[in-house]
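2 protein chains.
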Amino acid sequence: MIVPPPALLADLAGLLGPAGYSDDPAVLAPWLTDWRGRYHGTTAALLSPASTNQVAAVVRLANAYRVPLVAQGGNSSTVGGATPPADGSALLLSLRRMARPPVIDTGDAAATVDAGVILSDLHDAAAAHGLRFPLSLAARGSATIGGLVSTNAGGIQVLRFGTMRALVLGLEAVLPDGTIFHGLSSLRKDNRGYDLRQLLTGAEGTLGIVTAATLRLVPAIGSRSVAWVALPDPQSALRLLRRLDGALGDAVESFELIPATGLDLVLHHIPATRSPVAPTAPWHVLIEATAPHGAPEPADTLAAALQSALEDGLILDATIAASEAHAEALWKLRETLPEAERLDGFAVKHDIAVPVSAMPDFIVDTTSAIEATYNGARVLAFGHLGDGNVHFNVRAPAGRDSAAWSAAHGPAVSRDVHDRVMAVGGTISAEHGIGQAKLAEFARTADPVRLATLRAIKTALDPLNLFNPGKLVPLAPQRTGP
Amino acid sequence: MIVPPPALLADLAGLLGPAGYSDDPAVLAPWLTDWRGRYHGTTAALLSPASTNQVAAVVRLANAYRVPLVAQGGNSSTVGGATPPADGSALLLSLRRMARPPVIDTGDAAATVDAGVILSDLHDAAAAHGLRFPLSLAARGSATIGGLVSTNAGGIQVLRFGTMRALVLGLEAVLPDGTIFHGLSSLRKDNRGYDLRQLLTGAEGTLGIVTAATLRLVPAIGSRSVAWVALPDPQSALRLLRRLDGALGDAVESFELIPATGLDLVLHHIPATRSPVAPTAPWHVLIEATAPHGAPEPADTLAAALQSALEDGLILDATIAASEAHAEALWKLRETLPEAERLDGFAVKHDIAVPVSAMPDFIVDTTSAIEATYNGARVLAFGHLGDGNVHFNVRAPAGRDSAAWSAAHGPAVSRDVHDRVMAVGGTISAEHGIGQAKLAEFARTADPVRLATLRAIKTALDPLNLFNPGKLVPLAPQRTGP
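Protein sequences, first through last, are from chains A and B.
Residue 1 is where the first sequence starts when you use full-length UniProt numbering, and the numbers rise one by one after that.
Residue 1 is where the second sequence starts when you use full-length UniProt numbering, and the numbers rise one by one after that.
No lab work stands behind these hints, which were simulated from the structure alone.
Just to be clear, a hint being listed does not mean it is correct.
[What the hints assert, rightly or not] Computed Cβ-Cβ distance ranges for the label pairs, DEER-style:
(1) B:T106 with A:A278: 33 to 41 Å
(2) A:E297 with B:V103: 50 to 58 Å
(3) A:R242 with B:E324: 24 to 32 Å
(4) B:N53 with A:H269: 50 to 58 Å
(5) B:A295 with A:A128: 26 to 34 Å
(6) B:T106 with A:V103: 53 to 61 Å
(7) B:E324 with A:P101: 47 to 55 Å
Glycine included, each C-beta is placed from N, C-alpha and C at the ideal position.
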């Protein structure tokens with residue numbers, strides 16, 4: 001155990017006061033383990049500054065004492081990105097206290113938001129002004145804006161609006177030397193040198209601690225239409241998406257692929273769920289199309305496109321939600337899938353993307369290969385087909401102990417999946433980031449020029465390696481053995 | 001004069017052969033002066049590699065001899081960004097020979113394009129596949145993809161599709177150490193560390209030499225509707241834009257503001273132009289709305305919205321192009337405006353942006369202030385109102401020698417305009433970049449934390465300062481006096 005100097009802790013306690021400083025193990029406990037329960041950190045104190053100036057003061061103190069800081073928002077990272085190291089060497093810096101109500105600028109369709117604001121609160125604040133923030137994901141009730149920016153979060157609307165990177169207009173961040181980058185702005189165009197907003201977005205707190213952001217808003221949804229479609233295979237799903245692109249254009253916001261095995265897990269584990277179509281189809285997609293206020297509802301166009309796809313034999317069955325409650329019920333089947341999978345046991349998870357057009361064949365071919373190689377392993381591939389991003393999860397053969405099987409075979413399965421992803425020009429992290437979970441695989445599979453450039457940038461901006469060390473950037477060669 | 005070592009020149013001549021190496025003054029001449037004729041460089045040789053590997057070999061040689069390189073595409077920078085230094089210390093590296101036909105991937109709606117491909121050739125290549133590359137600007141017949149990426153070009157469709165930054169899916173670049181960053185990819189999501197594509201986009205060749213890009217394509221236009229509207233003031237223009245947002249949504253691709261004085265310049269200097277409306281209105285906007293194939297034409301909706309704006313007294317007059325030829329004639333009035341202004345004499349130019357909602361008042365107030373302070377100076381503010389970006393150009397009082405007046409008063413006028421821009425949270429470079437023209441003003445007006453971070457990144461990736469030195473990044477404090 002490495003414990004930060006008592007003098008530093010005393011300085012921090014004095015700076016932040018009782019509301020901003022705690023070394024109570026009961027207070028710290030929920031924040032020391034990632035939400036999947038795979039990583040366990042320790043720390044001497046939880047720091048909860050109330051303002052950007054306090055964050056800067058904390059950073060300057062940490063800098064003076066050479067003590068690392070791990071920034072944390074809602075602690076919903078799936079790659080251990082916000083869990084402090086196990087050796088106790090770092091302090092945990094929560095941004096959750098910095099959560100003033102978002103400032104909504106209707107004239108410029110922008111929101112200025114503190115890092116600690118929870119995503120669903122931003123949704124509500126925008127809606128109160130007839131606007132919306134078009135990024136959403138299952139953790140919206142706990143994920144914070146600072147974390148969503150720092151991980152370049154994706155979610156279920158990327159098809160239309162892009163990831164967080166496309167929605168960040170401005171940023172405020174504290175840099176590793178304790179200076180404050182004042183980049184809050186709703187400017188749509190700004191060509192003054194390297195784009196520091198983009199550099200800090202997705203940097204996982206390794207280059208700066210995001211304290212606030214100016215985010216793009218879009219008009220509120222006037223109407224939406226949600227459909228559930230049964231199909232024979234992923235190839236048909238992509239063909240359907242291309243048809244809808246033609247008929248509905250930008251109106252298609254979500255296009256989520258779900259295999260029958262995934263739907264079965266949900267129906268089995270999640271109360272009050274039922275299959276929206278005859279449950280024998282091997283593949284399903286959930287579609288959401290929207291229209292702004294004043295524009296025609298998308299339901300008729302969507303229904304006509306699905307009807308024609310049915311007549312052409314492209315799809316097997318379809319239902320369009322007849323009410324908002326029905327739409328919510330359909331979405332519940334998709335959104336509870338990760339939870340249902342977790343309730344069913346361990347899975348070896350992969351958050352991968354390949355070029356959109358290559359994804360259907362990739363799913364089919366890689367599923368066959370993995371299930372054959374690992375003798376009965378069960379693949380569950382689901383997600384954002386329209387972005388070329390699926391969550392390719394591999395579960396133990398039926399009847400086997402999932403934890404033991406995952407521990408024994410997980411590393412080899414992951415290397416196999418990742419090699420297949422890289423072979424078709426894909427990425428081993430589509431939306432969850434690298435954190436600590438994927439650091440070794442990132443180091444193993446990445447272009448050395450890319451790694452060298454990441455290291456050069458990290459070293460230039462954080463020469464003492466004090467910001468979230470051990471995450472994202474493989475500073476030294478990693479061991480890749482099992 | 002600083003001349004690179006003869007041994008280096010001999011090595012480069014041998015590497016590149018006669019087609020790739022020239023020291024003939026007649027060959028070099030067109031590329032040593034920027035297109036506005038304000039900056040004049042000298043160089044010992046023009047290097048024109050034919051492949052990425054040749055670019056890398058050139059960089060390694062330049063690195064070994066510590067000789068700077070200035071990358072150049074179509075030489076259409078408006079800020080002297082691609083003009084080599086006057087002292088002859090650098091070599092000019094043209095990417096123009098690297099111009100194989102673009103590879104269009106219809107399945108992923110992406111184009112892979114060599115740096116030297118001219119923008120209009122990419123437009124044609126995409127169109128041949130029923131797609132389009134949604135970025136265009138007046139220099140499309142000479143600007144190259146490498147330059148457009150390196151300057152994060154904007155243009156007339158940013159309102160809908162964003163700047164080049166939003167269209168770059170992947171990049172290939174040679175880094176200052178001569179290694180090649182292999183980042184060509186059509187992936188829609190990739191969360192593996194710092195976004196090097198975004199860092200290189202808009203870096204003006206100071207961090208890497210972009211050799212190819214994978215660019216996003218969108219469906220071809222099925223129909224378009226172009227309108228010319230006369231209005232009383234910029235505030236009315238913004239109100240009109242908001243109405244059209246509601247009625248037409250994403251269909252509005254261009255919304256260009258033009259003052260009567262600008263239209264007058266065009267009518268006076270450009271042959272075969274005529275005013276589309278009664279020419280007494282003080283302000284005008286050019287609007288383009290589009291629809292994809294299969295979708296209803298936007299003309300009726302646009303006409304209805306303009307009719308209602310006319311009845312409400314928001315606008316003074318409007319005409320909708322009745323034919324493609326008519327639409328081209330309206331666009332010609334906008335696109336020849338910079339040329340007409342140049343034919344009229346020198347202007348002190350500012351490519352500025354402020355928050356969109358602040359732009360109408362900014363134009364009115366700053367025009368009054370500048371015309372009053374500089375006793376009869378004439379402001380011409382035009383451009384992309386929907387992006388909050390106008391070209392705020394100041395011309396000499398009537399009857400004065402424009403060159404002499406600009407030389408005498410230009411620096412003070414620019415500082416005044418820029419101070420007003422900064423006071424409302426704007427930028428002194430919306431789309432043209434910094435280059436050498438704005439380096440001193442950037443240094444004077446920028447947040448010191450931002451400047452320090454830019455310097456740290458530049459120094460980390462290009463420690464010898466060999467890539468386009470003296471552009472974009474104020475490495476040392478600048479003199480700001482006249």
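Results of checking the hints against the structure:
1. B:T106 with A:A278: 33 to 41 Å: 34 Å, holds
2. A:E297 with B:V103: 50 to 58 Å: 39 Å, violated
3. A:R242 with B:E324: 24 to 32 Å: Once the Cβ atoms are compared, 28 Å apart, the range 24 to 32 Å for B:E324 and A:R242 holds.
4. B:N53 with A:H269: 50 to 58 Å: With a Cβ separation near 55 Å, B:N53 and A:H269 satisfy 50 to 58 Å, so the hint holds.
5. B:A295 with A:A128: 26 to 34 Å: Holds, at about 32 Å.
6. B:T106 with A:V103: 53 to 61 Å: With a Cβ separation near 43 Å, B:T106 and A:V103 fall outside 53 to 61 Å, so the hint is violated.
7. B:E324 with A:P101: 47 to 55 Å: 50 Å, holds
The structure does not agree with the numbered hints 2 and 6 stated previously, though it agrees with the rest.
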